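Peer 1: Below, each chain spelled out in residue letters.
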Amino acid sequence: MSEKIFSLLSGIIFGVGLVISGMTNPEKVVGFLSITHNWDASLIFVMGGAIIITAPFFYLLKNKNKSLLDLDINLPQKKDLDIKLLIGSSLFGIGWGLVGLCPGPAVSSIALFEPITLIFLLAMLAGILANKYI
Amino acid sequence: MYNFTPLSALTGGLIIGCAVVLFFYTTGRLAGISGIFANAFTSKANRSSNLLFLLGLVVGPLGYFYLTKAPINFEITNSYLFIIIAGFLVGLGTRMGGGCTSGHGICGISRISVRSIIATVTFIFTGMLTIFILQQFGIYL
Numbered sequence: 001m002s003e004k005i006f007s008l009l010s011g012i013i014f015g016v017g018l019v020i021s022g023m024t025n026p027e028k029v030v031g032f033l034s035i036t037h038n039w040d041a042s043l044i045f046v047m048g049g050a051i052i053i054t055a056p057f058f059y060l061l062k063n064k065n066k067s068l069l070d071l072d073i074n075l076p077q078k079k080d081l082d083i084k085l086l087i088g089s090s091l092f093g094i095g096w097g098l099v100g101l102c103p104g105p106a107v108s109s110i111a112l113f114e115p116i117t118l119i120f121l122l123a124m125l126a127g128i129l130a131n132k133y134i
Numbered sequence: 001m002y003n004f005t006p007l008s009a010l011t012g013g014l015i016i017g018c019a020v021v022l023f024f025y026t027t028g029r030l031a032g033i034s035g036i037f038a039n040a041f042t043s044k045a046n047r048s049s050n051l052l053f054l055l056g057l058v059v060g061p062l063g064y065f066y067l068t069k070a071p072i073n074f075e076i077t078n079s080y081l082f083i084i085i086a087g088f089l090v091g092l093g094t095r096m097g098g099g100c101t102s103g104h105g106i107c108g109i110s111r112i113s114v115r116s117i118i119a120t121v122t123f124i125f126t127g128m129l130t131i132f133i134l135q136q137f138g139i140y141l
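From first to last, the protein sequence lines are chains A and B. Be aware that the first sequence starts at 1, since it is given in the numbering used here, and climbs by one per residue. Be aware that the second sequence starts at 1, since it is given in the numbering used here, and climbs by one per residue.
I should point out that these hints are in silico values taken from the structure, not numbers from a laboratory. Some hints could be false.
Heads up, simulated BS3-like pairs for lysine-lysine below, C-alpha to C-alpha not over 30 Å straight-line [unchecked claim]:
(1) A:LYS132 <-> B:LYS44
(2) A:LYS4 <-> B:LYS44
(3) B:LYS44 <-> A:LYS79
(4) B:LYS44 <-> A:LYS84
(5) A:LYS4 <-> A:LYS64
As the structure is a prediction and not an experimental result, all values here were calculated from the model.
Let's have the full structure, built from the sequences with the hints guiding it.
Peer 2: This is how it looks when you write it as structure tokens:
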């Protein structure tokens, strides 16, 4: 039960952070990716701000096996670079650049009552399913 | 610099960081949203917890706008073709590459994962390249 409550709470805090950061507005993301014209560096401050908080915590908690709620800690074990990482990240970047939406802001923008993002989310789900058959 | 909002960006980033820490400290999982979204719809494991996290992503902003009456800024292309292609590529690419801006960009980089650092550099580069090419065709000036 408490796992569910903390999941909801984490999502709420994450969503508030996204809105305050301005990243729920695709124009801000496009502005960051537009390096040669009217560049908007705000996104660096969002990532930087988040990493300042998360990096020390991940360092301090790195040897723990169990979470506060006594759940197993699951961290990615893969260390090697592979072609799927590069192709996948490249495709994600192209999609991200095309409209300025990544998964977090796409979900949060449901709260802005922008129906166009529902189409984006459905297409995203189609892409997720397509990956299972590749 | 154009449209630059470092203070709100930093504030939002710090709050996002707190959310990632809270989620990891309590559930033992990384708050990579592409993974949470994909698993919520394709896997039975942690389904309700994943769906509740996604619900929070919507409820948080709703509450924020309700309480602060802050103006909603949302500027996006009006091309449905772009939206559909972009959504598909974001879904496919994040699953193939194992993460997005949150999973690789925030969680991975702060864990000093080489894979995540390479992934983040890659998607920022192809994103910038995409915008640059679109600008040559008069889109996103």
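Peer 1: Are the hints correct? Go through all of them and say.
Peer 2: Against the structure, the hints come out as follows:
1. For the given pair, LYS132 of chain A sits about 16 Å from LYS44 of chain B by alpha-carbon distance, which is consistent with the 30 Å threshold.
2. A hinted pair counts as satisfied when its Cα atoms are at most 30 Å apart, and LYS4 of chain A with LYS44 of chain B qualifies at roughly 15 Å.
3. With a C-alpha separation of about 27 Å, the suggested pairing of LYS44 of chain B with LYS79 of chain A holds against the 30 Å cut-off.
4. Proposed proximity of LYS44 of chain B and LYS84 of chain A is supported: the alpha carbons are some 25 Å apart, at most 30 Å.
5. With a C-alpha separation of about 21 Å, the suggested pairing of LYS4 of chain A with LYS64 of chain A holds against the 30 Å cut-off.
Checked against the numbered hints listed earlier, the structure breaks none of them; every hint is satisfied.
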